[in-house]
Amino acid sequence: MGSKPRTAYETLFPTISREFWEKQEESRQRREERWREIERNSPGIAIFRNLTTRAVASDKAAKDSFAKLLSSGFDEPELLEVLVGLATVSRRKSGKNNWLSKTRLTPRQLDYFPKRVRDIAAQIEILNKDPFFSPEWVTTRGLSQSGKKIFAIWFVRLPVLLQAYAAFLEAHFRDTSRFMAKRSSERTKILKRLLVGIREKTGRPMYSMLSNVLMATAQVAGTPSKGLDPESLKTLDSNHRRTVSATKKAKSDR
457 MGSKPRTAYE TLFPTISREF WEKQEESRQR REERWREIER NSPGIAIFRN LTTRAVASDK
517 AAKDSFAKLL SSGFDEPELL EVLVGLATVS RRKSGKNNWL SKTRLTPRQL DYFPKRVRDI
577 AAQIEILNKD PFFSPEWVTT RGLSQSGKKI FAIWFVRLPV LLQAYAAFLE AHFRDTSRFM
637 AKRSSERTKI LKRLLVGIRE KTGRPMYSML SNVLMATAQV AGTPSKGLDP ESLKTLDSNH
697 RRTVSATKKA KSDR
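The numbering used here puts the sequence shown at residues 457 to 710.
The set of hints was computed from the structure by calculation and includes no laboratory data.
Quick reminder that beta carbons are idealized off the backbone N, C-alpha and C, glycines included.
Each statement offered as a hint is correct.
Dumping the calculated DSS-like pairs for lysine-lysine here, alpha-carbon to alpha-carbon at most 25 Å:
1) K690 - K704
2) K705 - K645
3) K519 - K690
4) K645 - K524
5) K524 - K682
6) K524 - K690
7) K705 - K648
8) K605 - K585
9) K707 - K648
10) K519 - K657
11) K524 - K648
12) K648 - K690
13) K657 - K524
14) K704 - K657
15) K648 - K682
16) K558 - K516
17) K704 - K648
18) K690 - K645
19) K690 - K657
20) K682 - K516
21) K682 - K645
22) K558 - K519
23) K519 - K682
24) K704 - K645
25) K645 - K657
26) K571 - K585
27) K516 - K657
28) K604 - K585
29) K690 - K705
FRET-style restraints, in silico, Cβ to Cβ:
30) V612 - E656: 56 to 66 Å
31) A578 - E656: 50 to 60 Å
32) K645 - D567: 22 to 32 Å
33) R649 - T559: 21 to 31 Å
34) E532 - V700: 17 to 27 Å
35) N506 - V700: 30 to 40 Å
36) D531 - S701: 24 to 34 Å
Construct the entire structure; sequences and hints are all you get.
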C-alpha cells in the first residue's frame, strides 16, 4: 500500500513527525467536541464566541493578532473567544449594561417589538384577503414576469414568515437577557482573568495582540472600547500582579 499524502503541516515542518500532527488533530477534535457539549448545556456561551469570531473575520489586525496569540501558546481558541467576547460586553464598574446599543432599542422596546411584528403580520393577512389588495394585483405592477411570480407567492407567505420571526425574536431576547444578567458585572474582572491566562499560556503579556482583538470585538458588539488599549491593559495587569504579590507576601509573613 502507498504511504499517506503529506499534510500541509508536514510540508511546512518536515522535521516534525506525522505522529505528532495526528496527535494534534486528535486533540483538536476532542477539544471541539467538549466545547460543543459546553454550548449545548449553556447556549449563551456561543454569543460571546460569535462576537469574537465575527471580529476576527472582519478585521485584519484582529485576525493576525488572534493567530499570533494561538501560535504563541494559547492552545484553546474557543476559551480565548469566550473570554474576549465576555470582556467586551461586560459593563465597566460605573457603566450601564449596553449590550443592546446597536439595536437602537431599549430593553422594554425590544421586549414589545415581537408583538408589533405579530400585529403587522395579522394586518397583512387581512389585506391579502381583501379583493382590492390581494397579492394577485402584483401582476399589474411594472415588474418583470419572474418578479411578479415571486412576489405574488411571497406576499401570501409574508404573514407566516413574520409570525415565525416574532417567535424567534421573543425567545432569543428572553434567553439572551437571562444569560447576560448572570454574567460578571465588571469588565475589569474578566480582563484580569484574560491577562493572567495569556501570560500563563504564552509566557508573555502580549498587550498589543490582545488589545487588537478586544478593540475589534468591542466594535462588533457596539460597546465602549475605553480601557482596552495596550497601555490600559498593561496598567491593569501590573496593578493586579502587585496586588497578588503583596497578598502572597502578607500570608507568608503570618
